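Trainee: Sequence:
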Amino acid sequence: MRKSVQLAGLVTTGLLAGNEVGTLMASHPALRSLPLSAEIEAERALTTRLGTIMPFYMVGTVVATTAAAVDRRGAPGSRLAVAAAACTAVMLGITVVGQLPLNARTVAYPPDGDAAGWAEIRRSWERRHVARVLLDLAAFGTSAVATMHQRTHDRGERR
Numbered sequence: 295m296r297k298s299v300q301l302a303g304l305v306t307t308g309l310l311a312g313n314e315v316g317t318l319m320a321s322h323p324a325l326r327s328l329p330l331s332a333e334i335e336a337e338r339a340l341t342t343r344l345g346t347i348m349p350f351y352m353v354g355t356v357v358a359t360t361a362a363a364v365d366r367r368g369a370p371g372s373r374l375a376v377a378a379a380a381c382t383a384v385m386l387g388i389t390v391v392g393q394l395p396l397n398a399r400t401v402a403y404p405p406d407g408d409a410a411g412w413a414e415i416r417r418s419w420e421r422r423h424v425a426r427v428l429l430d431l432a433a434f435g436t437s438a439v440a441t442m443h444q445r446t447h448d449r450g451e452r453r
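Residue numbers (my numbering): 295 to 453.
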């Protein structure tokens, strides 16, 4: 196994999970505390900015975890590595199928738009986001345990 491949899977899942937990627990709740028009404008700006960054970040994480799973094939923790890759792939699927259409609606929503319409978009987005965060955390956790599995195995071989 190549340590660099395993490290890439672990680091990308950890960074992605941390970013997504931060948006769930800090960024979006803070934006909800703003007056409606300011919240809409801030969400639009945030969604636009993240829309240029996150596709590469998310796809990169799927690639890294998949590479780590393939690289670990047959080694201790291989099933955990496959689980991490599966979690990131499902997260990306939720993003493409569910979040991206809602992101487009968010960016297009007028700052003086209807509060009920806005709330419906945000509720749908946040429900899916919670699922993605849980998947990202699961991917990070399984990647970490798979990595620890290998370290334990390596120590046993040296004795």
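Note that these hints are calculated values from the structure, not bench results. Be a bit skeptical, because a hint or two may be false.
So the derived label-pair ranges between C-beta atoms look like this [stated by the list, open to error]: (1) Gly387 with Arg367: 40 to 50 Å; (2) Met442 with Asp406: 20 to 30 Å; (3) Ala410 with Ser321: 15 to 25 Å; (4) Arg373 with Pro404: 46 to 56 Å; (5) Arg367 with Val401: 34 to 44 Å; (6) Glu414 with Val357: 15 to 25 Å; (7) Met442 with Val401: 36 to 46 Å; (8) Val364 with Asp406: 46 to 56 Å; (9) Ala369 with Pro329: 52 to 62 Å; (10) Ala409 with Leu340: 16 to 26 Å; (11) Ala413 with Arg367: 45 to 55 Å; (12) Leu344 with Arg417: 43 to 53 Å.
Predicted, not measured: the structure shown is a model, and the values here were computed from it. Just so you know, even glycine gets a beta-carbon here, dropped at the ideal spot from N, CA and C.
Trainee: If any of the earlier hints don't hold here, list their numbers in rising order.
Mentor: 1, 2, 6 and 12
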